[in-house]
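Enquirer: The chain contents come next:
Number of protein chains: 6
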Amino acid sequence: MANEYKYEFFNVMFPVEYVAHVEINRPEKLNAFVEQMWLNISAIFKRLSRDPNVRSIILTGAGDRAFTAGLDVKAASQGAITCEFSDPARTANALRRHILKFQDCISDLEKCEKPTIAILHNISFGLALDMSLACDIRLSTSTTQFSVKEVDIGLAADIGTLSRLPKAVGNSSWVKDVCLSARVFGSDEALRAGLVSNVYKDKAEAFKEGLKLATLIARKSPVATVGTKELLNYSRDHGVDDGLKYTAIWNAAMVQTRDVKDAMLSGLQKRKPTFAKL
Amino acid sequence: MANEYKYEFFNVMFPVEYVAHVEINRPEKLNAFVEQMWLNISAIFKRLSRDPNVRSIILTGAGDRAFTAGLDVKAASQGAITCEFSDPARTANALRRHILKFQDCISDLEKCEKPTIAILHNISFGLALDMSLACDIRLSTSTTQFSVKEVDIGLAADIGTLSRLPKAVGNSSWVKDVCLSARVFGSDEALRAGLVSNVYKDKAEAFKEGLKLATLIARKSPVATVGTKELLNYSRDHGVDDGLKYTAIWNAAMVQTRDVKDAMLSGLQKRKPTFAKL
Amino acid sequence: MANEYKYEFFNVMFPVEYVAHVEINRPEKLNAFVEQMWLNISAIFKRLSRDPNVRSIILTGAGDRAFTAGLDVKAASQGAITCEFSDPARTANALRRHILKFQDCISDLEKCEKPTIAILHNISFGLALDMSLACDIRLSTSTTQFSVKEVDIGLAADIGTLSRLPKAVGNSSWVKDVCLSARVFGSDEALRAGLVSNVYKDKAEAFKEGLKLATLIARKSPVATVGTKELLNYSRDHGVDDGLKYTAIWNAAMVQTRDVKDAMLSGLQKRKPTFAKL
Amino acid sequence: MANEYKYEFFNVMFPVEYVAHVEINRPEKLNAFVEQMWLNISAIFKRLSRDPNVRSIILTGAGDRAFTAGLDVKAASQGAITCEFSDPARTANALRRHILKFQDCISDLEKCEKPTIAILHNISFGLALDMSLACDIRLSTSTTQFSVKEVDIGLAADIGTLSRLPKAVGNSSWVKDVCLSARVFGSDEALRAGLVSNVYKDKAEAFKEGLKLATLIARKSPVATVGTKELLNYSRDHGVDDGLKYTAIWNAAMVQTRDVKDAMLSGLQKRKPTFAKL
Amino acid sequence: MANEYKYEFFNVMFPVEYVAHVEINRPEKLNAFVEQMWLNISAIFKRLSRDPNVRSIILTGAGDRAFTAGLDVKAASQGAITCEFSDPARTANALRRHILKFQDCISDLEKCEKPTIAILHNISFGLALDMSLACDIRLSTSTTQFSVKEVDIGLAADIGTLSRLPKAVGNSSWVKDVCLSARVFGSDEALRAGLVSNVYKDKAEAFKEGLKLATLIARKSPVATVGTKELLNYSRDHGVDDGLKYTAIWNAAMVQTRDVKDAMLSGLQKRKPTFAKL
Amino acid sequence: MANEYKYEFFNVMFPVEYVAHVEINRPEKLNAFVEQMWLNISAIFKRLSRDPNVRSIILTGAGDRAFTAGLDVKAASQGAITCEFSDPARTANALRRHILKFQDCISDLEKCEKPTIAILHNISFGLALDMSLACDIRLSTSTTQFSVKEVDIGLAADIGTLSRLPKAVGNSSWVKDVCLSARVFGSDEALRAGLVSNVYKDKAEAFKEGLKLATLIARKSPVATVGTKELLNYSRDHGVDDGLKYTAIWNAAMVQTRDVKDAMLSGLQKRKPTFAKL
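The listed protein sequences correspond, in order, to chains A, B, C, D, E and F. Residues 1 to 278 in my numbering are what the first sequence spells out, letter by letter. Residues 1 to 278 in my numbering are what the second sequence spells out, letter by letter. Residues 1 to 278 in my numbering are what the third sequence spells out, letter by letter. Residues 1 to 278 in my numbering are what the fourth sequence spells out, letter by letter. Residues 1 to 278 in my numbering are what the fifth sequence spells out, letter by letter. Residues 1 to 278 in my numbering are what the sixth sequence spells out, letter by letter.
Please note that the accuracy of each hint is not assured.
[Said to hold, decoys possible] Distance ranges between label pairs, derived from CB positions:
#1 B:G186 <-> A:N11: 33 to 39 Å
#2 F:T143 <-> D:S142: 38 to 44 Å
#3 D:S142 <-> E:D241: 31 to 37 Å
[To be verified] Here are some chain D residues the structure puts well away from chain E; computed CB gaps all over 12 Å:
#4 G63
#5 S77
#6 A156
#7 A218
#8 P273
[What the hints assert, rightly or not] Below, computed lysine to aspartate or glutamate pairings styled on EDC-like, alpha-carbon distance capped at 16 Å:
#9 A:K261 <-> F:D87
#10 D:K261 <-> F:D72
#11 F:K46 <-> A:D104
#12 B:K46 <-> D:D104
#13 C:K261 <-> E:D87
#14 E:K74 <-> F:D262
#15 D:K101 <-> B:D108
#16 B:K74 <-> A:D262
#17 E:K111 <-> C:D104
#18 C:K245 <-> F:D237
#19 D:K261 <-> F:E84
#20 A:K245 <-> B:D104
#21 F:K101 <-> A:D108
#22 E:K101 <-> C:D108
#23 F:K277 <-> A:E84
#24 F:K261 <-> A:D87
#25 A:K111 <-> F:D104
#26 A:K46 <-> F:D104
#27 E:K111 <-> B:D241
#28 D:K111 <-> E:D241
#29 B:K277 <-> D:D87
#30 C:K101 <-> B:D241
#31 F:K101 <-> D:D241
#32 F:K245 <-> E:D104
#33 D:K245 <-> F:D104
#34 F:K245 <-> B:D241
#35 F:K261 <-> E:D241
#36 D:K277 <-> B:D87
#37 E:K101 <-> F:D241
#38 B:K111 <-> B:D51
#39 F:K111 <-> C:D241
#40 C:K111 <-> F:D241
No lab work stands behind these hints: they were computed from the structure. In this text the structure is predicted, and so the values were computed from the model without any measurement. Every residue gets a Cβ at the ideal spot worked out from N, C-alpha and C, and that includes glycine.
With the rest of the complex left out, here is chain A (with noise of 0.2 Å):
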């Protein structure tokens, strides 16, 4: 199964049934981002989407040294952030695509069906933070250190960071401060504001913990996950009314699922329900 998930700079990994691990691989430059990699994200993550085998998700980054440190900036200042069109707004224009693609590939990790859950270790910068926002659940450890780097490198975070960021966390003034000044913050930090769920000691304790997780995730209703999910996205967007609604057409198809007489039945006779394939 792993075969079929073949990408130069991610491995995909299947430690527990219907659990997916996909790690960031390129290590020795700090995981940073070239194009090609998140046009791997999201031919990855829409596969996962899709594929039976998989209820729930675990995106860390390979190495010791770094979740992502974002941008690889040397490769970015060749690229098509710089480039130039006979005047500035046919360069808006080709700038415009370009950006609403590297978006799209971002939001990718967001419209996958199954729960998504994101472990940031060590340097998290930048796409870092783009990236993990549109995952579901986010965890890291007490050395973890994070920046909305943007501003460093003289542009306003473009692919995701400033319009999700502030729906996820609980404080805009802290998150005002962070986005501006660009400084790095620690877990500490992450916690209090919101922004992640829960820290761990080190990158294997948060990896063990994250599986416990996915894996708890996993032998649930897969019905059942996939629509808490869309739900709760959908919330984010809309006000409760069109939430209700929503909910309601949702939940007319899906309560139809066999699983919830067999969830029924198994809480009832106190054992562990099984259930169909997504």
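Take the given structure of chain A and dock chains B, C, D, E and F to it, following the hints.
Expert: Below, chains B, C, D, E and F alone, put in the same frame as chain A:
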């Protein structure tokens, strides 16, 4: 006055002037809900909403063991959730009607004009979240056990939790974690994530403090508190510009109350104002 | 330069290159606001917004006792709030015009293109919240006393607090609590709820640290910080898809700045870049 | 079956299989509305909405002279619209409750799951617009006299016309003209502006044609027509992306109906399909 | 009274009690706009909005040849549109400020509380559309020549036409056609597409009929007409549920006007009511 | 150049400089759609969107008999629409994926940056509406037969018609009529309701006129026409304030094009400008 509020599964009391106390009263079943109970909730809060003798409301569960264990699964397993019509579309239509009706009943907690305070003690599963998230203020005790339990019976929560929780707290990673895993969590976590605003030793203390807060609110101008509730609820679902616009016309009417002059004068004279009924 | 910013109730100073400091200056009345003052606020921040010599702004209250005690109730009790026209509808129309104008003045804090930092010390009631919630970053001191005071004068807060507070912090139960009860709360609670991002010992320390932060921001590319502020404000009021779309066209224009190349190069060369005025 | 639908001011008939006909029956007062009548409208259409024997509905006014002359002004002048409480804010609160309740009753026409056809003949003032705009299809006669009459009694229309009319027709200049002037206009203008979709010679012909259309709709799969109504109503109030998303989950449930296969097969076999009740 | 409304490029007259007439007065240049003129438009309509002696307003262009030919291209070619700052991002920032300011001025036509009627005769290009779409009612003559002219000078219309036109008329194919081709079209087409609500023989007749309509509106209760305008504008930009909610609180204040009783009584007594100033 | 656009069921031609012509080419089946065809539509329009040699596009159907008869029902009856998984929820999940993918392909017509003109001749059922409503301009012939056919096969239209039609035309009563009845209607009705903007004698004339219009558009500045399309599409789904804001930043970038100066100068010099590729 309490005579007008007689319901099989609920006690409605008036412990302090202008304060109502609604108690879920099926303790032998951990206050688990059958259909009649959410119809009751709707009827009670619609009535309290317009009762001129009520300015704030406390919602509690009877007995020591639970605020509520949620849906009465045994009853539900024989009810609408497992109904089957002549084809999946017709079943979906019946389910949609059922879900919308159930949602409407719980939303009547939110539509109640008067501020509401939920006191969650011990087992507070499933519907406990749906209901308390439709209340204004949530208090808990050191032994409260919370769970967004629905995925454990094979479905995505559909009576409001997935629509209201992301807007009530400030850690979207934590929201996904508890909704996808259905794990039980305590008041420490609830307080840190922002689900409750205060935790007390036990139910008795929480009730005492909740009553103090309800009494404090009941002594304010009802024009002011009813407006504050409505405007805050409106803001949750609208952009700031819309919020300001709605606020302007709201207060254009409401600032004309005699209460403003009375309150200002009392303030300057250091005495307690009294306000006409609303 | 400060000569252009002369106002009876405000001092405008420029303590550091590109950093402005606006001080509410009516300490003998606890910096309480009369109508002329919010007109001043509007004028000052509109001007700072376009001043090429300004890249970040600090807002403080003069004196030891208060950031501001809010509306000058005595003045207000003789003003628009208690006006009466020939019938309640005509009064409502006049009040609506008045409220909209007042809201607009405070919203000019938010519309100011440059990042703003409010330092709330000691008494910070009513308008203190309205104003600081229209700023980007909120800092406070160990002795700050906050209160959403409006219900105590018989009205729902209408100059922005009820529209902005629910989107600024991550505990809706706490928001309802403090807005409905008008109770005074301290910095511990403000920090926990997410209203402020840092608490300092006293006003002097808070100002020193606020100035450090303002200076840090002022040294970044103004194209980047102005964009970051605008995109974060936009995101608060729109869904993620809309946010991404707006970001894409924004950066299509703004990434063409020379600052990107300068910042990237400085980064690689480990030196501080300087940026042209905006 | 008609026995279940007995109301003092309404006749409910079933002229054709699956088609209901609701007649406003107060012809001696030009079918003018008193409060009980809008409560009846709500009750009738809530019931029809769920009645498995109903697939489309016609709404008409009894007698030759009027669909309805609108609110019974004499009754209204003694009712809620002129009530006075202890101060303008308390009066406003009572009025708001009254308006919301009245709006809800008329919105029950729109919430009715089954398609509704209003036939407007002769005098069709005020509430005639509010109600017919909450229906799906509007037909009129060569002598229909329309008027958005409310400004003539000193108020802005508040039961739905000002919210629904701008979305129902395609000439905002005309909308402002007729709403601001309260002038009477005829079917030619109504057709040109897009308020009605067909004009017939007289009431008899309009009813005959309306009944034909209702019968045609009633012969389609009720899964398809109920869904079409709901999705079109949803689209009116949402952007296209939201509309597509809601449509996708709606049809994910509804396409599973046996009716699709039956309808496809009937189409290929050139025979009329019959569909199970909904 | 006209003395208070002196502007170089505009005449402001009061032909009938409560009716203002604003005339664009640069006929020798086909009433083409230079920057000062849109600043004037803003100032005039802000003042009329609050002038108690004004209840409706007519906007026309002086001379026989044009309502307005739009932007004065020669002046614009030396102005902001062709400015250049130190890099494309800084130029973009300056342009954005300029466009927002220009848009704001034209939007002041829409924000004017009193109903406005634009009479478009002969050449009506570019800004003619931007401005008249911000008015409530549009009338034209048999010889009016309309054009959304902007693409002919290399840009997408940015002062309001592209935002308001799709919501003002009912044929999106026609909207795209005229906006993309910049072709000139006449009143027949404008009427059919829904851009104007009436076409008259020539400017004189159009003015006579426009004045009749303005007079009719000016005789209604100003509480009713101002509310009707505001609620219709609100509805254009919100879903029906939001519209109803906003309407309910609006009328809760406004129905308390004495005008309702006066209007009702006058209606029953068949006489003309008079209303107090607003 | 046409060599790059080879597809089994489509011809792509370039009849005039900068104008592309896409022809649906399955005339022996009335251009009915099988799955491969909507995948092709997506691929073709994605490519045209970025092709610098294309500035406007015409979409037609091959042969005399039909633009398209819609979905190939026979093929569909063996495809996704009738699939069945292990329970109705799993079937719903598969159907939802299928519908979203199908919608995305048709939405690529709308997302194409370049203006598109659909020419609907003779049979134009089902998908003909879905597709042409995702185009910018719709032209038809005197013999075109339109039908929103879906309810006749037991389902609510789900590929875009129900989301886009209500926003494209100005008569909601007519929209409900044709969508609920599935009746065939002609060009007269389509023109009156606002579905098409011009009707021509036959396909040949419609193509000739469509090509004229496409050529006219192709001669304008592509910066201007691409922006006009995007801003009009944006406006359809947003309020006016949002539209203005998005427009301001859009033009802040795009007004910097050399095309503005070239177009202005050409205008003053009465000659045709030429514009660089986009």
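Enquirer: Run every hint past the structure and note whether it holds.
Expert: Hints versus structure:
1. B:G186 <-> A:N11: 33 to 39 Å: Because 37 Å falls inside the window, the suggested range holds.
2. F:T143 <-> D:S142: 38 to 44 Å: Since T143 (chain F) and S142 (chain D) have Cβ atoms about 30 Å apart, the given range 38 to 44 Å is violated.
3. D:S142 <-> E:D241: 31 to 37 Å: holds, 35 Å
4. G63: holds, 22 Å
5. S77: Violated: least Cβ distance 5 Å, not greater than 12 Å.
6. A156: The claim breaks: A156 (chain D) does not keep its Cβ more than 12 Å from every Cβ of chain E (closest is about 3 Å).
7. A218: holds, 26 Å
8. P273: Non-interface label stands for P273 (chain D): nearest chain E Cβ at 34 Å, farther than 12 Å.
9. A:K261 <-> F:D87: Within the cut-off at roughly 12 Å; holds.
10. D:K261 <-> F:D72: holds, 14 Å
11. F:K46 <-> A:D104: holds, 15 Å
12. B:K46 <-> D:D104: Satisfied, since the Cα-Cα distance of roughly 15 Å is no more than 16 Å.
13. C:K261 <-> E:D87: Judged against 16 Å, a Cα distance of about 12 Å means the pair holds.
14. E:K74 <-> F:D262: Given that 16 Å is the threshold and the Cα spacing comes to 13 Å, the pair holds.
15. D:K101 <-> B:D108: holds, 14 Å
16. B:K74 <-> A:D262: Holds, because 13 Å separates the two Cα atoms, which is no more than 16 Å.
17. E:K111 <-> C:D104: The hint holds at about 14 Å.
18. C:K245 <-> F:D237: holds, 13 Å
19. D:K261 <-> F:E84: Within the cut-off at roughly 13 Å; holds.
20. A:K245 <-> B:D104: holds, 11 Å
21. F:K101 <-> A:D108: Status holds; Cα separation ~14 Å.
22. E:K101 <-> C:D108: holds, 14 Å
23. F:K277 <-> A:E84: holds, 14 Å
24. F:K261 <-> A:D87: holds, 12 Å
25. A:K111 <-> F:D104: Roughly 14 Å between the alpha carbons, so the hint for K111 (chain A) and D104 (chain F) holds.
26. A:K46 <-> F:D104: holds, 15 Å
27. E:K111 <-> B:D241: holds, 14 Å
28. D:K111 <-> E:D241: Given pair K111 (chain D), D241 (chain E) holds - Cα atoms ~12 Å apart, limit 16 Å.
29. B:K277 <-> D:D87: holds, 11 Å
30. C:K101 <-> B:D241: holds, 13 Å
31. F:K101 <-> D:D241: Measuring from Cα to Cα gives roughly 13 Å; hence the hint holds.
32. F:K245 <-> E:D104: holds, 11 Å
33. D:K245 <-> F:D104: holds, 11 Å
34. F:K245 <-> B:D241: Between K245 (chain F) and D241 (chain B) the Cα gap is close to 13 Å, so the pair holds against 16 Å.
35. F:K261 <-> E:D241: Status violated; Cα separation ~47 Å.
36. D:K277 <-> B:D87: Holds, at roughly 11 Å.
37. E:K101 <-> F:D241: holds, 13 Å
38. B:K111 <-> B:D51: holds, 14 Å
39. F:K111 <-> C:D241: Holds - the C-alpha atoms of D241 (chain C) and K111 (chain F) are around 14 Å apart, at most 16 Å.
40. C:K111 <-> F:D241: Holds: K111 (chain C) and D241 (chain F) sit about 14 Å apart, inside 16 Å.
Hints 2, 5, 6 and 35 from the list above are not met by this structure, while the remaining hints are.
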